[in-house]
Amino acid sequence: MHLLDNESVAAKTRSAALSNASSVPGIPPNQAPPSMDHLDELEAQSIYILREAFARLKKLALLWSLGKDSNVMIWLARKAFFGRVPFPALHVDTGKKFPEMYAFRDRFGKEWDLDLRVEPCPPIDAVDPTLPPAARSAARKTEGLKWALNKYGFDGLIAGIRRDEEATRAKERVFSPRGLEGEWDVRDQPPEFWDHFNASPPQGAHLRIHPILHWTEADIWAYTKREGIPIIPLYLAKDGKRYRSLGDQDITNPVASTASNIDEILAELDATKIPERAGRALDHETEDAFERLRVAGYL
Amino acid sequence: MNMILPAASISATPNGTTRPQVRIVIVGHVDHGKSTLVGRLLHETGSLPDGKLEMLKAVSARRGMPFEWSFLLDALQTERDQGITIDTTQIRFRTRSRDVVLIDAPGHAEFLRNMITGASQADGAVLIIDALEGVRSQTRRHGYLLHLLGVKQVAVVVNKMDRVDFSAARFNEISEEISAHLIGLGVTPTAVVPISARDGDGVAEHTPRIEWYKGPTVVEALDALEPARPLAELPLRLPVQAIYKFDDRRIVAGRVESGSLKAGDEIVIMPTGKIAKIKTVESWPVTPVNGPQGAGRSVGITLDRELFLERGDIIGHAGQSPRDTRRIRARIFWLHDKPLTKGEQILIRLGTKESRATVVAIEKAIDPGALSNEENTAIARNHVGEIDISLAQPVATDPYTDNPRTGRLVIEVNGRIAGGGLVLSVDAGRPAVPVDIVPVESALRADERSARYHHNGAVIWLTGLPGSGKSTLARALERRLFGNGGSPILLDGDTLRAGLNSDLGFSPQDRAENIRRLAEVATHLARNGHIAIVAAVSPSASDRATARRIADSAFREIYVATPAEVCETRDPKGHYAKARAGALQGFTGIGNDYQPPSGNELTIDTSNRSVADATDAIERMLTETGVLFDELTDLAANI
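For the protein sequence lines, the chains are A and B, in the order given. Oh and the first sequence: position 183 is 183 in this note's numbering, straight run, nothing missing. Oh and the second sequence: position 258 is 258 in this note's numbering, straight run, nothing missing.
This is chain B alone, in the form it adopts within the complex (with noise of 0.2 Å):
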């Protein structure tokens, strides 16, 4: 304990500005005692509040149970009943030179989440093994995941020594097996360190129970660790976050993520390769600021011409800017309760940037908590795996060995994140090479029109069974956007083959097309701030998802799922009576050849609501997701 100088004979000032802080994440198997070196950390640190010790004591005298160190953090009633700690709590206490933040992340295999929320954010970790148990299945998991989050600097505890009498032996075959492991990974740990955290050996003195043990206690391998520094030696990296026209400034914002940037800058913005300069460097309250600004910095700048950028761009200087890609192959773990299959439709987002992506292998999948099971058709929750993502457009990113911030991506499901990962490689695709072109493009921009329109351009692709009210739902929601001050215009799949698609049949092949042409002409219309209402019966859900592709970010698709005995009943134009008289052939409706959507934007039943009703909810889905609005402020964060 004569390790530790009192919080009062520290001179720096509170805040750390003078002392290095650094973030540790302590992980490991349930049950191996990560709450009772927490709180015996913060006991021999002299960092517990005063009277929460005795307040505990007291507590649990009065439940008729023992004390443990534990229940220092375990704060929560909730997770006192059920026994477990549940989230990541953030604690402070003082080595002798830093200032140390103790993540502690749950070990419960449930919680594996929080336990990636935790160490995400750490420098440096703390490995706990049980010296009765040894490596375990999550010790192995959180060692596999700490190298893919990154985290590099690891010191391994084997706790409970006190369960094996201090037996120099047993802590030598752990030692050698875990770090095995870790070496393995690319990690090579700190320190190991033999302790018992109930009793105290080992955590802040060495005692003679442990006195074979020649390395440092835990608060002197903690002392030890580094806080992570900003990554100023690489290239710049400037991942735009949005651009802001608030008065007649048109601020670029966003995070440096690497290198540093200044006025008279000849960057390049990916993925679009275009060329400008930095202008000024905007501020608050002073403005411009001079000189550079570096990594870590949230900053906002100015270009010396209009062109269009976009959120999710990235920024680079000329000759040194990251790849533009449709392609990528990243090592990834997986946390949603359904496997990640190939073939899946999912979100990604790299930096600021969100695409829609194709899963289109899964090289590798495996239990990183097991010692060896491979297989590549699905990764499990909690599981690891290589995979290779089509995306749905360009995006710029680098390999994570190459740039660590730029070359991480996180895996969106159903708006949730659902997985992460680093990019491996990208592929080939076009160089990086910067080039000065200044395409020409509408007169108009596209705020201008929303402002005109109250909406953002849209294709809204109306899918299902012919006489499932498809047209009549179109028409109905034209006129409802019309009278709002909108600009809808109707494509009706018959009408479009009655002239631009006149060449085509009914083949699978002709069917494809037709819908891409359709697809290419409404996106052209979106692009330009119509909504485009698409009813096309559009049976195979190929080529929908090449429509989605098309569209990409603007496409809605609405499944008008009426059922198809209500369908042929109505038979608006008498085709279900004569494909029953067998005089039409190819007709999506009798057959089972319709393949209804999933991950469609709405799903309307005409045989149980109104045309009034189901416009109603359209125009509500429309609203949700962005494409309609009534209020200048949201126009303001799309601009």
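Pulled out of the complex, with its shape left as it was, chain A reads as follows (with noise of 0.2 Å):
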């Protein structure tokens, strides 16, 4: 098994680059600042949204999921702060993951200097049985979630979900309230816009934060590629197959594809139709399952 590990060598670039502009005597007083491109806007917008979460919650923690997208929020958060991420990571852990999630972790909880929380699921048997087999299983995650937080009582939990993934997320809020159940009330969403957020949850309750709301998956791709974010090499394809998004193994599956690095993946994406989480199970047992699963406080 192996990691990917192209980071030194991106920020070894990035730090020549930026040393040689910065040993060309007497800048200019009105030169212009550089242009944003359109990951640069995604960028500083995110770490507003963490640094906002920061400022106005007591007790903060980030779901990592592991998988490309809580990466990506990761790098993001360690931008925001300056290098280190000032709040608990919390991996609410089902114990089904891939063994290279698992390598990943340790590897880069440390390397990151993260403050690791690692949490349980409840039994299978602790979950709701009307639920469609892979939706059920997704659910123990959902009270593995809210074992965690009542261990902690966190007021707000950053997660990585985007809008694009999955048309019940597309309705999400960047500061979202969830009932004292951890339940999520889609009809009586407050009002947010111009960056000003709803960040006083009732008592008891407490926030989903998503700054990554925005991205794309594509998005995803070429930031971790610009940065040099590691990744789990089962996103890139071996026989044929690849994963496009990670979860538990027994509810995963590979899609079919020959993208072996993030140039062949952006391409992959760019011609495909195929909706990302075509892979989850749990998305395809009924029109609802996935539905039912957020109200009840699932990612």
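Any given hint could be a false lead.
[Said to hold, decoys possible] Under 7 Å between C-beta atoms, here's a sample of chain B residues computed to sit facing chain A:
no., residue
1, 113
2, 253
3, 255
4, 260
5, 284
6, 296
7, 298
8, 302
9, 410
10, 415
11, 416
By construction, these hints were calculated from the structure, which means they are not laboratory data. Positions of the beta carbon are idealized from the N, C-alpha and C atoms, including for glycine.
Dock chain to chain to rebuild the complex, using the hints, since each chain is given by itself in its own frame.
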């Protein structure tokens, strides 16, 4: 097993470019600032959201699912807070992830100096038996999350969901209040505009904070490449298949692909019309399984 | 359809780095066909995931309903059940030269907050009108809100032309009416397009049925919209989000809302007017960074001197700083169930600043959906108006005509966003001249004291009838806080009357002055990190409002709401007995002169709970409102 580590190379390249620029004597006073590209804009917005969450909530945690999205989120948090994530990274562990994911967690939890908290999920018997099998399995994670919430008393959970992933996630706010049981009331969401966020959850309830809600799958990959963020190799094609989205081993399937690096993933995404979560069994069981999960507090 | 290039043949990078991305919101009256248009646009631009259309057709057949284009958007079970779109969704597709992010905003009046949430993110808007029904209340309302939200590019589509036999006359009639309405608001429509979203006319193609129309199709109109540009040309505005001290650097963090900054710049911090120089621009993983940082960037800077600044301050360049003011005129939209009235206490958010405020006047209140009805007593839900706001503390701001980013505000009620709007003007106030003063501040910083006491400074104001239990609670709380290592100080109304306030009697004026002095002393203690516990009858709501204004965010009001009968039976000082006997004039308790608070942080009735239990409740409130804390991580958030 190996982990991709292009971080140091990219960092060195950037460092060289910047130190060259800074060695030019006498920058003219009216020099125009460099224009921002699409990824710069996304990054700046996410950093703004993370800093708002840290300023306005008392006890935050970041949900680290080990996937590409939450890795980008941790990277953004390190940028927002100048190198170190100032709140715990919470991994709600179903115990059924791929070995590559656990190896990634153990290595980068240390390298990134995270305050890592691994929390277990309850046994499957403790979960709503009326849900279809895969959804029921995923709902364990929701229960595990509730346990962790009760244990630590977090008032804000930072989660790496994106609007483009799935129709119900498109309805989300950036600061999204949850009920006392962690449930999401899609009908009664407060207004949110001009980057002003509702940050006062009712007593005993918590907020979900979604700093990369406005990113797309392609944005995530383009940024991962630009910044040199390490990834789990399962995302790259092996024997004609790769994982687009990583969940529990027993309810996640690879998609047909020949993409063996990030550029090829990007080219593939440009052409595909297959949804990202196609490999997630729980999305296809019934029309409303995903929404039922989310109303109950699933990510 | 020859308008649209298939996705695979576009050579641009998939993340849109070489193609402008525009965010479009579709608004209009409920049932005028927004969802149908969106569904049709997705189909026409080849943007639907494989199998989605077929799946929805199959679902419709299973439910015995004819297929509608709008089903594409009704992804939620709950929506289909109710038959209306209930929230914003974001959908992406491509036109010839643009990546379009389509924000669907619900038209039902019930969901205006969702329309605003969606539209506030848009670069441009499509306003949809049913050709048969014409301009309706929600059409006008949405037009008005687009103006208030600062959306300047608006394309109008007149839908369901099939229902008016594609009549050019009917189209022209609607076109003129809506154009006049929008132009009156300062918004010129970029196009007015006749379409039938259901059949496809005018969406991506000119069809024979609309051969009399020579303007752009919907897709062409979208292709002409421009992404919003960052405000690079305006003066620097950096609202302070936080000050971080994770290591030996003291980093001021925020997002550049306009202009640009770089190391070496002379800056002014408003509203205090303190000046400093930017020492470095910090970043990660490489730091420091050289060269200017422009509008839209989230940055961190260090300054060349130690001075007190805080979240909510705005940094500008010397000579081009924002105004400081305590009074603002604003044009707002209101979303809260309860109408906004004169005298109401609200919370204002301006950038990262928050301040308590009072609505001192309502100059205009209108229903933007109606043609004309104006009043000036209250602004009802989903209505708009102009108000004067008096702020509890000075803030930095700009009129929105000078700077659209720092010239807009949000109003919060009970911790929830209730409205928002534009800063029309700020009072004359004192001019924003930078002053090079370094005020003598305490040798100790607030965070040093907080670290020792495990609490922030606060004024805990216990109000209630004589005999309600204020002093008992105050003493119990003092003992509890002290026992936990804190620094509480009791300020009892009667005790202070024996000394500091011995010149004061019980006339309304003297009572007001008594409260003002109590509040000033308590606030001084709170600013120095102590918890001042004030036990005073303080019967007048306006006197207590003065105390809150003085102590501002440190103020925590507790209403000791023990019933009057119980207070009288206790009568610890014998006052009730004397008053009944007519021997005590101006005594609060027997008359009706006690005004119970509203908006207080806590209410305690001591007739039905123990002192220990009540003290627990106070302690909980203090923890929840950020006065007490027990973890060092919490402290980091405040420094």
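Outcome of the hint check:
1. 113: Given a least distance of 4 Å, the restraint on residue 113 of chain B holds.
2. 253: With a minimum Cβ separation of about 6 Å from chain A (threshold 7 Å), the hint on residue 253 of chain B holds.
3. 255: Since the shortest Cβ distance to chain A is 5 Å, the answer is holds.
4. 260: holds (4 Å)
5. 284: holds (5 Å)
6. 296: holds (5 Å)
7. 298: Where the cut-off is 7 Å and the nearest Cβ of chain A is about 4 Å from residue 298 of chain B, the hint holds.
8. 302: violated (11 Å)
9. 410: For residue 410 of chain B, the interface hint holds, since the closest Cβ of chain A sits about 4 Å away, which is under 7 Å.
10. 415: holds (3 Å)
11. 416: holds (5 Å)
The structure does not agree with numbered hint 8 stated previously, though it agrees with all others.
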